[in-house]
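Take the given structure of chain A and dock chain B with the ligands to it, following the hints.
For reference, the chains in residue letters:
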Amino acid sequence: MRVVVDYDLCESNAVCMGIAPEVFEVRDDDFLYVLQDEPDESLREKVEQAATRCPKQAITIEG
Amino acid sequence: MAESHVVVVGASLAGLQAAVTLRAEGFAEAVTVVGEEPHRPYDRPPLSKQVIAGDWDADRVALPAGAGASLDVTWELGTGAAGLDLAGRRVLLADGRALTFDGLVIATGAHPRPLPGVGALEGVHTLRTLEDALAVRAALDGGARRVVVVGAGFIGAEVAASCRQRGAEVTLVEPLPQPLARVLPEQVGAVLAEVHRSHGVDVRLGVGVEAIEGLGRVQGVRLADGTTVAADLVVVGIGVVPATGWLEGSGLTLDDGVVCDETTLAAPGVVAAGDVARWPNARYGEVMRVEHWEHAIDMGTHAARRLLADLAGEPGEPFAPVPWFWSDQYDRKVQLAGRPRPTDRFEVVAGSLAEARFCGLFGRDGQVVAALGMNMPGRVVRYRRELQDGLSWDDALAGAAPAVPPTS
Ligand SMILES: Cc1cc2nc3c(=O)[nH]c(=O)nc-3n(C[C@H](O)[C@H](O)[C@H](O)COP(=O)(O)OP(=O)(O)OC[C@H]3O[C@@H](n4cnc5c(N)ncnc54)[C@H](O)[C@@H]3O)c2cc1C
Ligand code: SF4
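The listed protein sequences correspond, in order, to chains A and B. Numbering follows my numbering, in which position 13 of the first sequence is assigned residue number 13; successive positions increment by one, without gaps. Numbering follows my numbering, in which position 229 of the second sequence is assigned residue number 1229; successive positions increment by one, without gaps.
Quick caveat, the hints were computed from the structure, so don't treat them as lab data. Everything numeric in this text was worked out from a predicted model, so none of it was measured. One or more hints might be untrue.
[Claimed, not checked] Covered by chain B, according to a simulated footprint, are these stretches of chain A (three or more residues, beta-carbon under 8 Å):
# : region
1 : 8-14
2 : 17-29
3 : 49-61
[Said to hold, decoys possible] Label-pair distances were calculated between CB atoms; the ranges are:
# : chain 1 : residue 1 : chain 2 : residue 2 : range
4 : B       : GLY1026   : A       : GLU62     : 20 to 28 Å
5 : A       : ARG2      : B       : LEU1121   : 53 to 61 Å
6 : B       : GLY1200   : A       : ASP29     : 24 to 32 Å
7 : B       : ARG1060   : A       : MET1      : 25 to 33 Å
Don't be surprised by glycine CBs; every beta carbon is placed ideally from N, CA and C.
One chain only, chain A, in its complex shape:
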C-alpha cells in the first residue's frame, strides 16, 4: 500500500492525522507530512478511513 497526497488539494486541516497519526502529521508550519509512504498493512483500515474522511479527497491509496 502506497499513500499519495495531492498537496494542491490538501488544506492542512489534519482530519487524516486525527485518524491515523502514525502516517499523517500536520506540523506547526501548517504543512501536512506523510510520515510513512508505504505503511504496514496493519494500518490499512485507518489509512483508508483517513482517505475517505479527508474533506478535500486529497489522499489516494495505491495498491
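Structure of chain B with the ligands alone, referenced to chain A:
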C-alpha cells in the same frame, strides 16, 4: 420471512454515512435513501468558502461515496418525507406514497433560521443548500457590491471572507458583543473580529438588525442603533433549526431536535444522526446537538450500527464523542475540539493572540474541556486525542502538552 427494509430519511452527510455503514457492516437487505433535495449527497462546507468565492464549480461538491453506482441503495430524491406513522412502521412521502420500514434512520439535518419579521425581498439569502450558494454567487457575479452579512457565527464569518475575496464591500453585523460570544471568551472573539477588520470588513458588534429595507429588492439594513447600511446583497447566518417538522405528532420526542437515548436510539428500530439529533453525551453529562461535519459522519456511523444491533435484538453502545470543528476564513484556519463555555478559563499554550496564530485550552473543574487553534491544526488534533482519554488542566499546562515536532 419477507425481506427487511431500512429507510434513511435525509440524503446528506449523516444519511449517506449511515447507508454506507449499513452496507459495510454486511446488511444485505433493502435500503432506501429519501432526500428532499434533487441531488445526490453533496458537501456543505465548501458552499460558504470555495463556491461563493468562485473558486469551485458546483459539481466539485459531490460526496464521493454517494456519487457513483457503487453504493447499493434505492434513491428517492426530490421528494421529502411528510410524516411518520410509527406504529404502522411507515414513512409518508410528500407525493402521497408511503414506504414501510423495519428500521429507520432520521438524518434530515437543519434549516436556516430566518430573520424574524423579514418578508421575502429579492437579494436577501440564507445559506444551507447548493442552490443557496449559487444564488449568492450569482448575485456577486451580477455585480452586487455592497454586502451585509447578518450574524458573525462561523458560516456568516466565512461568507464575509468569501465576499471580500470577490472584492465586494462587506459589513458584518453581530448582536453579541464579540463573534461567537456564546461559546468563546471575549478575547478570542476579538481576535476573530480583528481578522475581519484587517481584511477590510466593516464589523459592527453589539448591534442587532431592526429591519431590512427595500421595495421588492433589498436596499439597506437598518440597525438597532438607528444607522442604515446600504446593501444590494444580504446574507443571513443566524443559526439553524433542526428539520423535524415532518415528525410532529409522530410520537417521537422532539425538543430542539429528535431526542435519542445515549446510544442514538429514538424509538425501537428508529435512530437519528447529524444536525437533527439530540442525545445525552455521557462524556459531558449534557444533552447536546452538534452541527459539525465530522460529527455527522461519526454519528451516522454509530447510528447505523446501533440500528443493526437493535434489529438483531442486541444492546447498543453509548455515543460519547469529543466534538471537533474547523472553519476557514481568509488565510486563517480555526479549529475547535471539545465543548467550551464562555465562562471556562482560557489559556494560550502556543503562539499568541496578537499574531492571530495560537493554540489555547479551556479549563473547567480541573480538566481541559476544549482546545482551540488558529492556524495550528496539528496541535488541536493532538489535544483532541488527549481529550478523548481525559486531560487534567495541571498536566496539560505542566508541559505535558503535546509538543509538535519542529519542521524537519
Ligand atoms: C455553508 C455551510 C458551511 C459549513 N462549514 C462547515 C465547516 O467548515 N466545518 C464543519 O465542521 N461543519 C461545517 N458545516 C456544517 C456541516 O455541513 C453540517 O454539520 C452537516 O452538513 C450535517 O449533516 P446532516 O446530514 O446531519 O444534515 P444536512 O447536511 O443538513 O442534510 C440533511 C438533508 O436532509 C434533507 N431533508 C430535510 N428534511 C427532509 C425531509 N422531510 N424529507 C427528506 N429529506 C429531508 C435536507 O434537504 C438535506 O439534504 C457547514 C454547513 C453549512 C451549511
Ligand atoms: S485530511 Fe485531507 S486536507 Fe486535511 S490534512 Fe489530511 S490530506 Fe490534507
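Going down the list of hints, with the structure as the test:
| no. | hint | result |
| --- | --- | --- |
| 1 | 8-14 | holds (count 4) |
| 2 | 17-29 | holds (count 8) |
| 3 | 49-61 | holds (count 4) |
| 4 | GLY1026(B) - GLU62(A): 20 to 28 Å | holds, 27 Å |
| 5 | ARG2(A) - LEU1121(B): 53 to 61 Å | holds, 54 Å |
| 6 | GLY1200(B) - ASP29(A): 24 to 32 Å | holds, 27 Å |
| 7 | ARG1060(B) - MET1(A): 25 to 33 Å | holds, 27 Å |
Violated hints are absent here; each numbered hint is respected by the structure.
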